[in-house]
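> Let's have the full structure, built from the sequences with the hints guiding it.
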Amino acid sequence: MRFVKLGSVALIGVSLALAQNVAAQLKIAVVDAETAIGQTEEAKQFLEVVQQDLAADRETLETLQAEIQALQQRVADEGDVMSETERRGVAKDLEDKRLDLQFNAQKYENEVQSRQTEFLTTMSPKFRAVLDDLIKVERYDFVLPARGIVFGNARHDITAKITEKLNEKHAEVE
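Mapping of the sequence shown onto this note's numbering: residues 1 to 174, in sequence order.
I should point out that these hints are in silico values taken from the structure, not numbers from a laboratory. No false leads were slipped in.
DMTMM-like mimics (lysine to aspartate or glutamate), calculated; alpha carbons at most 25 Å apart, straight line:
| hint | residue 1 | residue 2 |
| --- | --- | --- |
| 1 | LYS44 | GLU59 |
| 2 | LYS126 | ASP32 |
| 3 | LYS97 | GLU109 |
| 4 | LYS44 | ASP133 |
| 5 | LYS136 | GLU34 |
| 6 | LYS169 | GLU138 |
| 7 | LYS161 | GLU138 |
| 8 | LYS161 | ASP132 |
| 9 | LYS44 | GLU111 |
| 10 | LYS136 | GLU164 |
| 11 | LYS97 | GLU62 |
| 12 | LYS126 | GLU172 |
| 13 | LYS107 | ASP53 |
| 14 | LYS44 | GLU168 |
| 15 | LYS136 | GLU168 |
| 16 | LYS126 | GLU34 |
| 17 | LYS27 | ASP133 |
| 18 | LYS161 | GLU41 |
| 19 | LYS44 | GLU109 |
| 20 | LYS126 | GLU111 |
| 21 | LYS107 | GLU62 |
| 22 | LYS44 | ASP157 |
| 23 | LYS161 | ASP32 |
| 24 | LYS97 | ASP77 |
| 25 | LYS126 | ASP141 |
| 26 | LYS97 | GLU67 |
| 27 | LYS136 | ASP157 |
Next comes the structure, spelled out in structure tokens:
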């Protein structure tokens with residue numbers, strides 16, 4: 001019996017030692033693709049262009065919000081002295097402006113989402129090429145998505161390296 005226990009302990013010890021040796025030989029990295037792409041100079045330029053292109057739409061939203069607030073304030077201040085017809089007119093104006101705001105906000109969000117999708121579609125092959133190069137150069141055995149990891153040591157995170165390489169490639173193109 002004692003021989004079996006001793007053999008089991010020895011087997012477990014050897015297994016642990018081998019597992020540690022195998023783990024020590026594996027080179028593992030973690031990357032957050034969205035962050036790597038989002039922090040590039042190209043992403044910053046894209047964001048500036050989108051903000052410029054959609055400035056008029058954003059201004060429309062702000063104007064509608066201000067008009068809604070003004071109507072709400074008017075109802076709060078003058079509601080007691082307004083005639084029923086005037087109150088209904090203000091309520092209708094308020095509802096119309098809310099619907100306009102909702103429609104324009106949805107349109108704005110759809111446009112932003114569309115442009116982001118388009119940008120990510122153009123950046124995905126660039127990201128993949130940089131990642132593939134880094135895998136070859138650094139000889140990684142595994143590269144895992146950061147969002148699926150419960151815990152990972154920061155030294156395994158290659159997100160910043162990828163952002164740097166994407167910036168270098170973008171600078172070469174310009």
